[in-house]
Amino acid sequence: MTQLPPPSAKKLGLVIDLDTCVGCHACVVSCKGWNTENYGAPLSDQDAYGANPSGTFLNRVHSYEVQPDQGEAQLIHFPKSCLHCEDAPCVTVCPTGASYKRAEDGIVLVNESDCIGCGLCAWACPYGARELDAKEGVMKKCTLCVDRIYNENLPEEDRQPACVRTCPAGARHFGDLGDVDSDVSKLVADRGGFDLMPEQGTRPVNKYLPPRPKDEMPEFDVLAPYLEPIASDGKGFVGWLDKALSSLPGGAK
Amino acid sequence: MSLDQPQLDTSPDVSDEVRKTTCYMCACRCGINVHMKDGKVAYIEGNKDHPVNQGVLCAKGSAGIMQHNAPSRLRAPLKRVGPRGSGEFEEISWEEALTMATDLLGPIREKHPEKLAFFTGRDQSQSFTGFWAQGFGTPNFAAHGGFCSVNMAAAGIYTMGGAFWEFGQPDWERTKLFMLFGVAEDHDSNPIKMGIGKIKERGARMIGVNPIRTGYNAVADDWVGITPGTDGLFILAMVHCLMKAGKVDLDYLARFTNASVLVNEDPKSDQFGLFLRDDDGQPQVIDRNTGQLAPWNGQDVEPDLAATYRAKGITHRPVFHQMADRYLSDEYAPEAVAERCGIPAQRIRALAADLARVAFDEAIELDRPWTDFRGKKHDKMVGRPVSFHAMRGISAHSNGFQTCRALHILQIILGSVEVPGGMRFKPPYPKPATAHPKPHGKVTPGAALDGPHLGYTHGPEDLLLEDDGTPKRIDKAYSWENPMSAHGLMHMVISNAHAGVPYKIDTLFMYMANMSWNSSMNVGGVHKMLTDKDEDGNYVIPNIIYSDAYSSEMVAYADLILPDTTYLERHDCISLLDRPICEADGVADAIRWPVVEPDRDVRGFQSVLCDLGARLGMPGFVNEDGSQKYQDYADYITNHIRRPGVGPLAGFRKGEDGPQGGRGDVNPNQIQDYIDNGGFWLEHVPENAAFYKPFSMDYQNWAVKMGFYDAVQPYIFQLYVEPLRKFQAAAEGIGERQPPEHLRERLKLTMDPLPIWYGPLEDDQVDLDEYPVHALTQRPMAMYHSWGTQNAWLRQIHGHNPLYVPTKIWEANGFEDGDWAKVSSTHGSIVVPVAHQASLNANTVWTWNAIGKRKGAWALDEDAPEATKGFLLNHLIHELLPPKGDGLRWANSDPVTGQAAWFDLRVKIEKSDVPNEAQPVMPAIKSPVPKGPSALEWKVGK
Numbered sequence: 001m002t003q004l005p006p007p008s009a010k011k012l013g014l015v016i017d018l019d020t021c022v023g024c025h026a027c028v029v030s031c032k033g034w035n036t037e038n039y040g041a042p043l044s045d046q047d048a049y050g051a052n053p054s055g056t057f058l059n060r061v062h063s064y065e066v067q068p069d070q071g072e073a074q075l076i077h078f079p080k081s082c083l084h085c086e087d088a089p090c091v092t093v094c095p096t097g098a099s100y101k102r103a104e105d106g107i108v109l110v111n112e113s114d115c116i117g118c119g120l121c122a123w124a125c126p127y128g129a130r131e132l133d134a135k136e137g138v139m140k141k142c143t144l145c146v147d148r149i150y151n152e153n154l155p156e157e158d159r160q161p162a163c164v165r166t167c168p169a170g171a172r173h174f175g176d177l178g179d180v181d182s183d184v185s186k187l188v189a190d191r192g193g194f195d196l197m198p199e200q201g202t203r204p205v206n207k208y209l210p211p212r213p214k215d216e217m218p219e220f221d222v223l224a225p226y227l228e229p230i231a232s233d234g235k236g237f238v239g240w241l242d243k244a245l246s247s248l249p250g251g252a253k
Numbered sequence: 001m002s003l004d005q006p007q008l009d010t011s012p013d014v015s016d017e018v019r020k021t022t023c024y025m026c027a028c029r030c031g032i033n034v035h036m037k038d039g040k041v042a043y044i045e046g047n048k049d050h051p052v053n054q055g056v057l058c059a060k061g062s063a064g065i066m067q068h069n070a071p072s073r074l075r076a077p078l079k080r081v082g083p084r085g086s087g088e089f090e091e092i093s094w095e096e097a098l099t100m101a102t103d104l105l106g107p108i109r110e111k112h113p114e115k116l117a118f119f120t121g122r123d124q125s126q127s128f129t130g131f132w133a134q135g136f137g138t139p140n141f142a143a144h145g146g147f148c149s150v151n152m153a154a155a156g157i158y159t160m161g162g163a164f165w166e167f168g169q170p171d172w173e174r175t176k177l178f179m180l181f182g183v184a185e186d187h188d189s190n191p192i193k194m195g196i197g198k199i200k201e202r203g204a205r206m207i208g209v210n211p212i213r214t215g216y217n218a219v220a221d222d223w224v225g226i227t228p229g230t231d232g233l234f235i236l237a238m239v240h241c242l243m244k245a246g247k248v249d250l251d252y253l254a255r256f257t258n259a260s261v262l263v264n265e266d267p268k269s270d271q272f273g274l275f276l277r278d279d280d281g282q283p284q285v286i287d288r289n290t291g292q293l294a295p296w297n298g299q300d301v302e303p304d305l306a307a308t309y310r311a312k313g314i315t316h317r318p319v320f321h322q323m324a325d326r327y328l329s330d331e332y333a334p335e336a337v338a339e340r341c342g343i344p345a346q347r348i349r350a351l352a353a354d355l356a357r358v359a360f361d362e363a364i365e366l367d368r369p370w371t372d373f374r375g376k377k378h379d380k381m382v383g384r385p386v387s388f389h390a391m392r393g394i395s396a397h398s399n400g401f402q403t404c405r406a407l408h409i410l411q412i413i414l415g416s417v418e419v420p421g422g423m424r425f426k427p428p429y430p431k432p433a434t435a436h437p438k439p440h441g442k443v444t445p446g447a448a449l450d451g452p453h454l455g456y457t458h459g460p461e462d463l464l465l466e467d468d469g470t471p472k473r474i475d476k477a478y479s480w481e482n483p484m485s486a487h488g489l490m491h492m493v494i495s496n497a498h499a500g501v502p503y504k505i506d507t508l509f510m511y512m513a514n515m516s517w518n519s520s521m522n523v524g525g526v527h528k529m530l531t532d533k534d535e536d537g538n539y540v541i542p543n544i545i546y547s548d549a550y551s552s553e554m555v556a557y558a559d560l561i562l563p564d565t566t567y568l569e570r571h572d573c574i575s576l577l578d579r580p581i582c583e584a585d586g587v588a589d590a591i592r593w594p595v596v597e598p599d600r601d602v603r604g605f606q607s608v609l610c611d612l613g614a615r616l617g618m619p620g621f622v623n624e625d626g627s628q629k630y631q632d633y634a635d636y637i638t639n640h641i642r643r644p645g646v647g648p649l650a651g652f653r654k655g656e657d658g659p660q661g662g663r664g665d666v667n668p669n670q671i672q673d674y675i676d677n678g679g680f681w682l683e684h685v686p687e688n689a690a691f692y693k694p695f696s697m698d699y700q701n702w703a704v705k706m707g708f709y710d711a712v713q714p715y716i717f718q719l720y721v722e723p724l725r726k727f728q729a730a731a732e733g734i735g736e737r738q739p740p741e742h743l744r745e746r747l748k749l750t751m752d753p754l755p756i757w758y759g760p761l762e763d764d765q766v767d768l769d770e771y772p773v774h775a776l777t778q779r780p781m782a783m784y785h786s787w788g789t790q791n792a793w794l795r796q797i798h799g800h801n802p803l804y805v806p807t808k809i810w811e812a813n814g815f816e817d818g819d820w821a822k823v824s825s826t827h828g829s830i831v832v833p834v835a836h837q838a839s840l841n842a843n844t845v846w847t848w849n850a851i852g853k854r855k856g857a858w859a860l861d862e863d864a865p866e867a868t869k870g871f872l873l874n875h876l877i878h879e880l881l882p883p884k885g886d887g888l889r890w891a892n893s894d895p896v897t898g899q900a901a902w903f904d905l906r907v908k909i910e911k912s913d914v915p916n917e918a919q920p921v922m923p924a925i926k927s928p929v930p931k932g933p934s935a936l937e938w939k940v941g942k
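As you go down the protein sequences, you meet chains H and Y in turn.
For the first sequence, our numbering gives the first residue as 1, with consecutive numbering after it.
For the second sequence, our numbering gives the first residue as 1, with consecutive numbering after it.
Here chain H stands alone, though its shape is the one from the complex (with noise of 0.2 Å):
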């Protein structure tokens, strides 16, 4: 069993606009690139040319369809990686202490030299966002690109996670959580962001931007002045058009 720390004031973590996400996977394998050339083991393939390509990834992105009581299907992406939980079951499971959460910002880390790849952690994420790497034996997850986020090697603007930075639709937001006046806390607010699965109790510090309400055109009634009809054939229409054309600047001859 590993303790977590005591509450951190900074919470870093993503919020994630499901209104915005186009399920593109840019996300997905962005981290991938990065967390294969960083931090700890490479992420490996398996049957990388094969029947059973399988990797190790962080981040996923997954497409529900979702069929409303009235009006057409719906289909929405829903990218998905470690949410940095505040109750993070996957640390506290942890036999040798090498799952941990910061002190200081609350991301949650493996550290793989201490890892003996049981999967316990992996068995009790809710979320699926652990991936044992089948190459390393090591227990691999989102580090929220803490070798990015404050690393002096890189300009200030890219310190960011890698997925965050490559978002074409820039649907994925990074800041801290904890301060109730960051941007990523005031987007929360003002869109409703919501916790995953919050009846686990896990009190994840990333939060979801739910798809705003679709297929809500106003209805022709309200809309009918616009297409008043002036004219029920070309003739009629070229009466019209002179009329209208002398109303215009410079009109009137």
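Rather than coming from a laboratory, the hints here were simulated on the basis of the structure.
Listed below are the simulated SDA-like cross-link pairs for lysine to any residue, each with C-alpha atoms no more than 25 Å apart in a straight line:
#1 Y/K911 to Y/L768
#2 H/K135 to Y/K37
#3 Y/K748 to H/G234
#4 Y/K200 to H/A73
#5 Y/K200 to H/S185
#6 Y/K37 to H/L154
#7 Y/K911 to Y/T807
#8 H/K135 to Y/A935
#9 Y/K200 to H/D19
#10 Y/K198 to H/R159
#11 Y/K198 to H/G170
#12 Y/K939 to H/G137
#13 Y/K931 to H/E136
#14 H/K214 to Y/D361
#15 Y/K40 to Y/I671
#16 Y/K198 to H/E156
#17 Y/K79 to Y/R600
#18 Y/K40 to H/R159
#19 Y/K438 to Y/E466
#20 Y/K822 to Y/T807
#21 Y/K939 to H/E131
#22 H/K186 to H/D158
#23 Y/K869 to Y/S912
#24 H/K235 to Y/E265
#25 H/K243 to Y/A363
#26 Y/K40 to Y/R19
#27 Y/K380 to Y/E173
#28 Y/K37 to H/R159
#29 H/K235 to Y/T308
#30 Y/K79 to Y/T102
Since the structure of chain H is provided, determine the placement of chain Y on it from the hints.
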């Protein structure tokens, strides 16, 4: 067990060096930062300074490291040693390969240059490869536009001097309502996603019109699940509603379009349907100042939209009258089109009304004075903040050209093109059809062609026909079968060459196009054509040379393979002479440069062409003493001069005061200047030239200064396209050059100078009761054509492709998860896995494009899911329409442009037993490269 945290180094070294170049994981051409460690590629991210992607990068781009290191990379030139299609090759030296090619091509060039067909697929160097083909002297050159989106490009050029993507974009910063039609999720890739993000951030609205609700359409505020092939009808119904309500921008139409130009309306006149012109040939309008005739572009002229003109017994009415006659007809009433489009009439009205509301009630104004070409000063820029974007979904139909035209008409009557909040052109566009070259096809043995191959026809006199009416080009581009085929018809080359129609060729030379697989219709038939032998035992298509970087399915069908480099090992220029990467507010171009050297015996294809061109003694490729003019492509990029002061790259040219953008002399250090600037060059459009570009003298003068063209050439939008009328008139019997009898009726219908809608041509040839279902493909955002499959990361995202089936068809067939179905067209059938999707037009099935692979290709294991469960719809689509019994070959293409009508496909679907593999199963080809490693751990740094 303790709270002691490990000490972390949160500032590790990121890389030894960052090299900035241009992505080539799709056609979007984003700027990338390639992080190097120990001389190897360690990590790729977007370049924040780059105009296209501004730092973001898609899944494909981020996976570039896996493409660059893919085991499918060809390693050396290959000579075929087994039968065609077997994949049996031996590696040879470059000298042997180039000698073989020269020995083949030299005699062709001396005697019959047209017997070389040179087609270059997803080439990003067409201004160079076209220049090479021109020097060779063959009329048979084009790239892949004919099977991609030429309808969109040609309709845009003829109507308003540009279409979408590299031509134009919504004013993402200001638009309030964005309507997206039929986009394959990647045209263009990152800018659309960035734009949608901006729209969402501002709380503006987005409407998606697409039979399939995925990707961009999944995040649209409203989804219109239209029936495929009916977009034109839907658009014209909205035009009907808007015109009927007078919700049109009359001032804009009068000044900036040919709505006010007078048209001859006397059916007995040989000028019937043509513009009234003055002695200088300028189309005439009535000037509201004088009530008299005046040229459209006369100084201070105020064109009258309403006035007619009668002289010598002939009435001339303005184009706008003709539009009123046509579009106010009940034929285009929402009630008349609703069932066919699959959209309730009330919804069509609501959409039209919403466009009107936003365009006119929410108009915006910028305080930016500008001067139009008639000398009129405007103190403001008025914007109609509705914008549109469209691509292959509406264009890859046999009615696609007219549908794309219809969309532009809708944009224009709303006054929403080149205005704040609307659609904006990207320099060097807009450029009207008249500013483009005409097509050239005059062959002289041993000499260059008489001009550039591809261009825009303006009437029958511009067609490329022999005196007996035979098409000059192997693909029959610019013939009566498709008079405005601005990008050629790559999809017809193999079929025509095999049939010997219009003539036989000797050598087919192709680059970067998987024509034996996902880029061809009728895959099995194409295999037969490529391997067919005549009675003497010789191949019917005698010689095939192919260049590709990877072990694609096409490799097996060539006799000689010239292995290309990966995109990180090569020079390239993303040129203004080609398909530019500019933004509405800026002109830009870019380079690729070898951020790593190849570790294989491969060469950049363009450098190989420099060598081959010199060996063949081609003009433009040899110096006066006969020596090789350009040592490699980088040499050409730097030193080639196309027009005075204009070369492949417009940035960092040599000026009197140092490097300058636009026009200038050759700068020997130009490529290094680009590298030092992050791989690209960008110069902003002056603020008062940023809108109304076709009409604004502020823009026109700047465009000349930058070298986009050599003299100002303001123009007005062509609602009525007179060149179409000229072809139509010929079909009615007017003029010297006459179409063949069997094409007259089709030309009369389809070459209408005002947009019309007609049903997809395949519908006339197919029993729609038997084949009631539409079948489409879409490209996933994380894959580009066939390229993604060899990528170990991307294939984990899209490793197989079920056929997605809507609820109605799913239930009718009693499908369950894990089921397979037999899908049949009049041409063939496939057996494939199915999956249910509710958010889908009720009569449409679809799948991801080009996931299915042939066994033996791309260095994949033969039991890879791409080869066992993946499939292509291409097996169901033929390059010809079903025979009509007239003995003629009718291409499955748009009759105006020749665009491949991929999306006209009709199928039936029935439950099948679960087979071992997706059907049809093709025999494996022998891989010319070894298999890749089983496990990957790609960490290059220590």
